[in-house]
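Taken in order, these protein sequences are the chains called W and B.
Heads up, the final residue of the first sequence is numbered 628 in my numbering, and it's a clean run with no missing numbers.
Heads up, the final residue of the second sequence is numbered 1661 in my numbering, and it's a clean run with no missing numbers.
In short, the hints are calculated from the structure, not lab data.
None of these values were measured; they are calculated from a predicted model.
All C-beta atoms in this analysis are idealised placements derived from N, C-alpha and C, irrespective of residue type, glycine included.
A few of these clues could be false.
[Said to hold, decoys possible] Listed below are the simulated DSSO-like cross-link pairs for lysine-lysine, each with C-alpha atoms no more than 27 Å apart in a straight line:
#	chain 1	residue 1	chain 2	residue 2
1	W	Lys328	W	Lys313
2	W	Lys313	W	Lys536
3	B	Lys1455	W	Lys418
4	W	Lys328	W	Lys272
5	W	Lys313	W	Lys602
6	W	Lys313	B	Lys1455
7	W	Lys608	W	Lys583
8	W	Lys602	W	Lys418
9	B	Lys1431	W	Lys583
10	B	Lys1431	W	Lys364
11	W	Lys219	W	Lys499
12	W	Lys219	B	Lys1431
13	W	Lys418	W	Lys364
14	W	Lys602	W	Lys583
15	W	Lys583	W	Lys418
[Said to hold, decoys possible] Among the chain B residues that face chain W by a calculated CB cut under 8 Å, a handful are:
#	residue
16	Pro1426
17	Met1450
18	Lys1455
19	Val1510
20	Lys1517
21	Val1519
22	Leu1521
23	Thr1524
24	Leu1601
25	Val1613
26	Trp1619
27	Ser1620
28	Ser1621
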Amino acid sequence: MKHLKMALMGSAVAIGTTGSATAGDFDGVELKMLAIGDTSVTRLAPIVGEFEELTGAKVQIDMFPYPGLIDKIVIEASADNPSYQLMWVDSPWVGVLGESGALEDLTELVKRDAEEIHLDDIIPIQLQENTWQGRLLAFPASGMIWHQNYRKDLYEHPEEQAAFEAKYGYPLTPAQTWDQYIDIAEFFTRDAGEALAGEVLDKPFYGNAQAYSRVAGAITHDFFPIMRSFGGQYWDAETGLCAMDGEAALAAANVMKELVAFNPPDYLGLMWDIRTGYMERGETAQSSYWSVRTVRLTNPDEAVLPTIGEAGYAASPTGDGNPQPTMTGALSFAINSKATDTEKEAAWEFIKWGTSQDMMRRFAEEGSGVSQFHKSILSDPELQEKYPYYQVLLDTQENAQRRIFHPFYADVEEVFGVELNKFMAGETESAQEALTNACTKINTRLKVFPEDLRLRWINDAQAEIFD
Amino acid sequence: MSAPSKRQTVLVYLLLAVVLIVFLTPIYLIASSSVKPSPIMFQKPPAFLFTPTLEHYESLFGMRPFAKFMLNSLVVSFGSTAFSLTFGTLAAYAISRIRHKRMNDVAFWILSMRMFPPIAVVVPYYIIFKTVGLLDTPLALIIVYSTANIPLTVWLMKGFFDEVPMALEEAAAVDGYGLFETFWRITLPLAAPGLAVSAVFCFVFSWNEFLFALMLTGSEAQTVTVAVMSFWSSDAVQWGRIMAGSFIILIPGVIFVLTCQRWLVRGLTMGSVK
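Whenever a hint applies, use it, and build me the whole structure from the sequences.
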């Protein structure tokens, strides 16, 4: 009887004229969401009452710190009759959470409600970000894309353009290769007292701002997009062991090392958000980072740059001879596999509501930093005018590559964070030594497990949600 | 002993100034960052002159029920401190006074309770509290913190009770005091500095603890340490709010320590001079 009721409920949702559940479908159902204070959640939390009015289900969102949240999810999912039915998930976690069986497979639900959720409008890589072993374990609520931000006002300044071309022999435009990126970083690095765009600087200006901190693996967030842009892979496809010490990884580490000279002096302690601060204050010529922070560059209440200059946006540079890649990530919502069937159905209804095309458009219009993942929103002319970086996010999805999703991702971030940081600080002689050290440590942990298991962990099979 | 020379006095004050700068700089940074506008939060060199803003405090209390989280922390910290002092003091008195060849082993066994790495016991605690329905309640944290605080209290108080001469208790017995009356009216007041020291350690541990508070609470019993760290999200670390929360968090601890200060100084030095 319960299954029949669920089937009827599901059908009602699927064929509903409004494309969502009708009032009272989930009367009495109470859901709790284990989340962080991420923009994708803080925008939704104040309006969950609207969902209750719509469906009858009451949702409470509890926000916790990012560090430790994954452990709390794993513990929560280990208990029967869980306290939390909904989970906020960062895409690299799908390996750990997939292996632990913590999350419900959403594949069938997505297929069932494909029309309602405008599946064709969602950038495919954002779904792939949440896939583990061919199962879709979470649904994107904010799609992150790694891209390049630069000082457009400086790049378009005639004196700077002329000086750059005279020095390097090619025009000053957003870097397409890492060699160009280094040239631009060198060119714009100035001391206090020097001139920049016709003005005398009262403090130093930097050519680049990059995260070199080992804390929370910050340096790896900058290293991996560069490594991937040189065609590097995380894992050896034959053995499932660490492959992040090959030529591409070496090139990436050396690019970062060359850029050290053009970074702020506190580069070794720069975490991702402090690094973005340099761009937001207009104190650096260029900086690449996740698109979740880019919205600040359009808002004078959150950044200094809009009042002193203008930000420009471009795809992240590439290694020579490689196609322009984009690193993606996804901040997503998932369902606890231990929830009851009714709770799961209500939770899925909530996910559909909270990540819907309409809701995401509403967030965009309100000025939210939620990073969009619907093609129609990113290509909307009015929104593109408001958020000039939308076109870049849309264009760069074609060659997108997903983030690391291995169950040992945290180990990788920790080990590579330390080894790369030591190399940048000059404590390790060469990039090769640093990367070999890191891979050796990772492999020591991985070799405990049989090869077939290691190969399963790197299997990037797609969920069968597209016809 | 001659009075210090002017030069010595100046040197002492200089040294004190250095120590004060070292200890007060982080507090100054927390306080100033809590009222600094976000765009200039990490400006280099730091902005010392700026128009202060209360936006971080407003959003701290506006976006989350921070007052409730403060209350939770106070309930948990005072609850655990009271619980630990009550039972820890009684246990310490017993260990101090009972003469038995295995009593030192008992004392060590009690101390060993504190040696468990928290991460090793967090899952069992979670399952136990989930089973008995105490998950996400202040009582769960009071119990957990007390398991760490009681051993500390026992060991601290045992030292203080050992210092109280048996002759005083024997005199009390001659005057007709019973065992508990002797403990309550004679021994405990003499060991009051120990109570103050124990109370401070118990309170500070409970107030600052993070791991258990993260794992064993939800929105009902969340404490300030977790609430403040919750402003560390994936897209931004909201330092302004973290600093505002941190500054508020400092206040109860400072008040508590200052309240206990009179006994604390004597407690920390008691027994150091024969």
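Verification of the hints:
Distance check on the hinted pair: Lys328/W and Lys313/W sit about 19 Å apart at the alpha-carbon level, within 27 Å; holds. Taking the CA atoms of Lys313/W and Lys536/W, the gap is about 25 Å. The hint holds against a cut of 27 Å. Only pairs whose Cα atoms come within 27 Å are accepted, and Lys1455/B paired with Lys418/W is rejected, the gap being roughly 48 Å. Between Lys328/W and Lys272/W the alpha-carbon distance is near 56 Å, which puts this suggested pair outside the 27 Å criterion.
Proximity of Lys313/W to Lys602/W is assessed by CA-CA distance (about 42 Å); at most 27 Å being required, the pair is judged violated. Taking the CA atoms of Lys313/W and Lys1455/B, the gap is near 46 Å; set against the 27 Å cutoff, the hint is violated. Proximity of Lys608/W to Lys583/W is assessed by CA-CA distance (about 25 Å); at most 27 Å being required, the pair is judged to hold. Under the criterion of a C-alpha separation no larger than 27 Å, the hint pairing Lys602/W with Lys418/W is consistent with the structure, at around 22 Å.
With a CA separation close to 24 Å, the supplied pair Lys1431/B and Lys583/W stays within the 27 Å bound. At roughly 9 Å between alpha-carbon atoms, Lys1431/B and Lys364/W fall within 27 Å of each other, so this suggested pair holds. For the given pair, Lys219/W sits about 19 Å from Lys499/W by alpha-carbon distance, which is consistent with the 27 Å threshold. Annotation: proposed proximity of Lys219/W to Lys1431/B is violated, straight-line Cα distance about 46 Å (limit 27 Å).
Our distance criterion of 27 Å between C-alpha atoms is met by Lys418/W and Lys364/W, whose separation comes to about 24 Å. Between Lys602/W and Lys583/W the CA atoms are separated by roughly 15 Å; this keeps the pair inside 27 Å, and the hint holds. Among the hinted pairs, Lys583/W with Lys418/W is consistent with the structure: their alpha-carbon atoms are about 11 Å apart, no more than 27 Å. Taken as an interface hint, Pro1426/B checks out: its beta carbon lies about 5 Å from the nearest beta carbon of chain W, inside 8 Å.
Below 8 Å, beta-carbon pairs count as interface contacts, and Met1450/B has one with chain W at about 7 Å; its hint therefore holds. Annotation: interface hint on Lys1455/B violated; nearest CB of chain W at approximately 13 Å, more than 8 Å. Taking 8 Å as the C-beta cut-off, the interface hint given for Val1510/B holds, the closest approach to chain W being about 6 Å. The restraint placing Lys1517/B at the interface with chain W holds, with a minimum CB-CB distance near 5 Å, inside the 8 Å limit.
Interface restraint check for Val1519/B: the shortest CB-CB distance to chain W comes to about 13 Å, outside 8 Å, so the restraint is violated. Interface restraint check: Leu1521/B against chain W, minimum CB-CB distance 12 Å, threshold 8 Å, status violated. About 12 Å separates the beta-carbon of Thr1524/B from the nearest beta-carbon of chain W, more than 8 Å, and the hint is not met. Interface hint at Leu1601/B: satisfied, since its Cβ lies 5 Å from the closest Cβ of chain W, which is below the 8 Å cut-off.
With its C-beta approaching chain W no nearer than about 6 Å, Val1613/B sits inside the 8 Å limit, and its interface hint holds. Nearest Cβ of chain W to the Cβ of Trp1619/B: about 5 Å, under the 8 Å cut. The hint holds. For Ser1620/B, the interface hint holds, the least distance from its beta-carbon to any beta-carbon of chain W being 4 Å, beneath 8 Å. For Ser1621/B, the suggested interface contact is upheld, since its CB lies about 5 Å from the closest CB of chain W, less than 8 Å.
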